[in-house]
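Enquirer: Use the sequences and the hints to build the structure in full.
Numbering (the working numbering) for the first sequence: 1 to 428.
Don't read these hints as lab results, they were simulated from the structure.
Be a bit skeptical, because a hint or two may be false.
[Stated by the list, open to error] Simulated crosslink set (DSS-like; lysine-lysine; CA at most 27 Å straight-line):
1) Lys300 / Lys255
2) Lys290 / Lys188
3) Lys113 / Lys344
4) Lys256 / Lys300
5) Lys282 / Lys255
6) Lys290 / Lys11
7) Lys77 / Lys88
8) Lys219 / Lys83
9) Lys369 / Lys344
10) Lys341 / Lys300
11) Lys113 / Lys188
12) Lys282 / Lys88
13) Lys300 / Lys188
14) Lys425 / Lys282
15) Lys10 / Lys344
16) Lys369 / Lys404
This structure is a prediction, so every number in the text was calculated from the model and none was measured.
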Amino acid sequence: MKAINFKIEKKLEGKLGRVGTIETAHGVIETPAFVVVGTKGTVKSLNPEQIRDTGAQVVLANTYHLYLQPGDESVKKMGGLNKMMNWKGPSMTDSGGFQVFSLGAAYGKEISKILQITDPSLLIPERFDDSNAPRLAKIGQDGVSFTSHIDGSVHYITPEKSIQIQHNLGADMIFAFDECTSPAEDLKYQEEALERTHAWARRSLEEHLKLKVQSEKLKETKTEFVISAKAGVQDFSSPALFGIIQGGRDENLRKKSAKVISEMEVDGEKFDGFGIGGSFAKEDMSTAVKWVNEILPEEKPRHLLGIGEPEDLFMGIANGIDLFDCVLPTRLGRNGTIYTKTGKIHIMNNEFRIDTKPVEDDCECYTCKNYSRAYLCHLFHGKEMLGGTLASIHNIYFIVNLVKKIRQSILDDKFDEFRKEFLEKYNN
RNA sequence: GCGCAGGUGGCAGAGUGGUCAAUUGCAUUUGACUGUAAAUCAAACGCCUUCGGGCUACGUAGGUUCAAAUCCUACCCUGCGCA
Numbered sequence: 001m002k003a004i005n006f007k008i009e010k011k012l013e014g015k016l017g018r019v020g021t022i023e024t025a026h027g028v029i030e031t032p033a034f035v036v037v038g039t040k041g042t043v044k045s046l047n048p049e050q051i052r053d054t055g056a057q058v059v060l061a062n063t064y065h066l067y068l069q070p071g072d073e074s075v076k077k078m079g080g081l082n083k084m085m086n087w088k089g090p091s092m093t094d095s096g097g098f099q100v101f102s103l104g105a106a107y108g109k110e111i112s113k114i115l116q117i118t119d120p121s122l123l124i125p126e127r128f129d130d131s132n133a134p135r136l137a138k139i140g141q142d143g144v145s146f147t148s149h150i151d152g153s154v155h156y157i158t159p160e161k162s163i164q165i166q167h168n169l170g171a172d173m174i175f176a177f178d179e180c181t182s183p184a185e186d187l188k189y190q191e192e193a194l195e196r197t198h199a200w201a202r203r204s205l206e207e208h209l210k211l212k213v214q215s216e217k218l219k220e221t222k223t224e225f226v227i228s229a230k231a232g233v234q235d236f237s238s239p240a241l242f243g244i245i246q247g248g249r250d251e252n253l254r255k256k257s258a259k260v261i262s263e264m265e266v267d268g269e270k271f272d273g274f275g276i277g278g279s280f281a282k283e284d285m286s287t288a289v290k291w292v293n294e295i296l297p298e299e300k301p302r303h304l305l306g307i308g309e310p311e312d313l314f315m316g317i318a319n320g321i322d323l324f325d326c327v328l329p330t331r332l333g334r335n336g337t338i339y340t341k342t343g344k345i346h347i348m349n350n351e352f353r354i355d356t357k358p359v360e361d362d363c364e365c366y367t368c369k370n371y372s373r374a375y376l377c378h379l380f381h382g383k384e385m386l387g388g389t390l391a392s393i394h395n396i397y398f399i400v401n402l403v404k405k406i407r408q409s410i411l412d413d414k415f416d417e418f419r420k421e422f423l424e425k426y427n428n
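Expert: Dropping the structure here:
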């Protein structure tokens, strides 16, 4: 039995882009789609009804965070990720590979996974090459040692462990354990890291197949299956496993990674889809995505991990990306930055204190239909929780629906037109 | 009226002779945020500046001193206690 079923409905002429659907155990995703991030099994400050009402189709949670708290065994006992958080739609979990970066090379530094190369100082590896700097993630021989940011306890996560945790969490789509590298690393390091990510990908795939076979067998043990099913405890269908492409900013490494990961095979089984991860310079992200997607097999979904901003979404979709996830809509929202068609605004700024208009006049989101900018401004100044919720609702609606509009524009043969029109307004 | 305590930048509150335009918190202003260590973080926050510095400031007015937010005198004001 296939874990997911991906179908392409229409292709974007002259480009790698496509419109399609992904069928999962928890429903169908219309792609391209924006996946909302719910790291700890909650999209911060939103309940599932609010998530659904933004139009979001999929939620992505995190292996590392849920493993530490409440523990993957606990999540399993609560009936899996979906049941635990009362999310009825499709779900995904990230492998913890990003935490190798955020708690490792990037820990305590002003460094993000995307670089503007217009700031050349950020590309000097020495600047970040202080191996004595404290890190909460240290790469070991066959896995990564994490020092919990919660209580300081040490945990060794291997590819096998990550996959085991993800099977316990029980999302519809899961990722291989990888190393998300720092954009400041030099080519030699990127090569080493890529070898590691590829080795880990194979081990992830092996472990996944092993667990899949076990779960199939369990399914055949009828009594157990029936008891569990009656209790509504566990969905026995195994998740789909996505392999992750790395390679930093380098063309050869990116292409090599795409080839290795897409051809990787264990017992006749391959990855069900692909994630494109890691670091880019903002300026050459599009080429990196293109290099990879020209090689990846057309018939499997591709997820651009941790991206992005509106211009990135257009870029990714044109270059054959089917799924995106990004913390920006919720993080920006909580921090008082709100997306509008004419660019981002800081809702706490003085100019909004007496602005009685909604964030956007013609926006159909719950926030815009019911509240003014002045009220949001007040909520943020008063540190009221509702501010973060309302801003997140709008931002998610904005980004999710932007991707839906892009999808529609492809179906209507108006992609280029829509892209130009939108970005001109957005960038003022 | 007497006694005691005290009056410091928008607010709270340090400082108690030079290193003080004055610690810190809050407020304010503006930024940042891309597989969430994040309801977080950073910067600015008396006036002027050719960025060297200059000027005005710790209730008010005097004074001591090379030097005062810091010591002295008077006055004004606030709180508490007693009449």
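Enquirer: If any of the earlier hints don't hold here, list their numbers in rising order.
Expert: Hints 10, 12, 13 and 15 are the ones this structure does not satisfy, whereas the remaining hints hold.
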